[in-house]
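A.B. asks: Taken in sequence, the protein lines are chains A and B.
Quick note on numbering: numbering that gives the first Met the number 0 labels position 38 of the first sequence as 37, and the sequence is numbered without any gaps.
Quick note on numbering: numbering that gives the first Met the number 0 labels position 168 of the second sequence as 167, and the sequence is numbered without any gaps.
Each statement offered as a hint is correct.
Partial list, computed: chain A residues near chain B (C-beta under 7 angstroms):
#, residue
1, 292
2, 317
3, 342
4, 347
5, 379
6, 427
Hints are computed from structural coordinates only; laboratory data are not their basis.
We put the beta carbon where it would ideally sit given N, CA and C, even for glycine.
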Amino acid sequence: MFGCLWCITAGASSVPPIDLLLEVAHELTPRAQAVPPRAVLLDLAGLGRSWPQPMELAEALAAAARRRGLTPQVALSWSRTAALMLARERAGPTVIPAGQEAAAVAPLPLAALDLAPERLELFRRWGLRTLGDLAALPPEGLAARLGTEGPRLARLARGEDDRPLVATPAAESFACSLELDWPVDGLEPLAFLLARVLEPLCATLVARCRRAAALTLDLLLVDARHHRRTLRPAAPAAEARTWRTLLLLDLEAHPPGDAIQAITVSAEPTLARVVQFSLLDPAQPSPERLAEAMARLHEWTDGGRSGAALLVDTHRPGAFVVSTFAPGPFRPAAGALKEGEDAPRLALRAYRPPLPARVTVAAGVPAAVSASGLYGPITHCAGPWRASGDWWDAAWSREEWDVAVQGRGLFRLYRDRLSGAWFLDGELD
Amino acid sequence: MSAALKSQLEDLLKARRLQRDAPPLRGERRLSPLSSGLRALDELMGGGWPRGQVSEAHGLASSGRTGLALAGVSALTRKGALAAWVDPLDRFSPASASDAGVDLARLLWLRGPRPGGLSRALAATDVLLGSSLFDLVVLDLAGVPRADLGRLPHTTWHRLQRTVGPLPVVLLLLTDAHLAHGPGGVSLALSPGGGHWIGQGPGRLLTGLASQAQWSRRVQALRFDLQAFS
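Isolated chain A (complex conformation) (with noise of 0.2 angstroms):
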């Protein structure tokens, strides 16, 4: 047998009236379909051993919404169909018993089709005002004026089904929470409450398939604050152990202030991430390892100071932006060196920021230079190298010398064109 709530009104609640209805069809049933905006169909087998009565059933359908603010409409039916057009269109709880479905829904008009305002206006035309007008036309000649859609319309109307029921599942929930019996104070006492509430919690995650893509700890403090603490690793995960250690790290850099008198955990669900290992590459970092290390080394990190350095697409040289640490699979790059390549590089290290020098140029190039640390006459040079760019926003514009400065290594020099001052920019290395 099957059941239909209709919602007529929803009282003061924020709630969509469907998600109401659906928490009410929940409690009794698990397959139980919304049929928006305002109505949802249940699957009623198996309940009558709870009522016996239909009636009974109905009655109770109709209590459990409106406990819940919800002036309900109640239909049952053995047919999906006939349940949601009689719920919709009969006030009260209506209950039709099997094989009756179609006298039932007959004297209804042919709005509780929900059909197109064309269509409704050519049945008109017809001269067809009910539902039972409708299911006594000739299925041939509906056929052949409608197409497949006219045996359709007549089925319907007599109340019979075109398609099974789907269920709507059930909003997921992730949360936890634990009241404590007296305050706690310090982090030690408190990962052994937080191993207590994430253990059940990642256990649901891991047996609905799902992972926390993220994870807000939400403590209750003595005096009535709450600190809440959102962390969002670079992978979903559903481990405590990792979960834990995350939290710890974050709370060790941004402490509660004041004892703890109850945790709430609650996680943002995601479906679990597939991985596809392969046979020759590298085995690649578990992402709740590496945000455990990241979690570590935060101080480091905070900011976006520390992390993979990106180099910018300019002529400005040694441009780049640092991001987050987070390598991906691995890809061999394209344009790596090859095989037998194996010389190494001469490299800069950079002075950040560079250091202001003084130049002694003789016959147009550098001759001396004196700076922070370093001093003496230079022996070799190679340049002027020039380069500029960003003239439509913050104009750059440089003469570089690659120098060898007696006794004290290579470096790199150069002159900012624009202001005629000379600065360290490295050594080479």
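Let chain A serve as the given structure and place chain B on it in line with the hints.
C.D. replies: Below, chain B alone, put in the same frame as chain A:
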């Protein structure tokens, strides 16, 4: 004939010689040394930087320490492994690293300076080693004043060696002078050999830097060049 060939292939598989740079099997302890990126230097060091040891490359300015370290990072990251560069003085140049072939997405760069100075850098190094994510951790101490290094507790390097010992990781120190290395580590002394210059007047070019690497356990030294560009 086919049985002999099959047996030969099985022997090659067991010795993992079918693919020269085959990645290690999951769970297999990587005991092979880490390539320095320079074949001749690998031969000098007996295969490369030894894993589970603290090694150092020390030398004066422009002796090739940084270029050599980047060559090792490049060889590693191009095969998909991860490396870390702890840079308390913020001297690392991403452009130079990219020129050297480093996959920057697989290199974690910890930039200083940080409050707490060297001790924070050493703590971060400890975290990186213990995470077992990285095959090579470079601690760039070149340019750090000798006085600051002298103020570190004398047990610092013992502690780091104890941390790295059971792990298949290389900890490579870049320093101005000899600082520390593990009992099985390599202490490579680099001496600058001067720059290579071509041309005269405007348009003169610095094409490279000559360097000499000496390992105390080997009599012969290795001369090699660092190229300024390919």
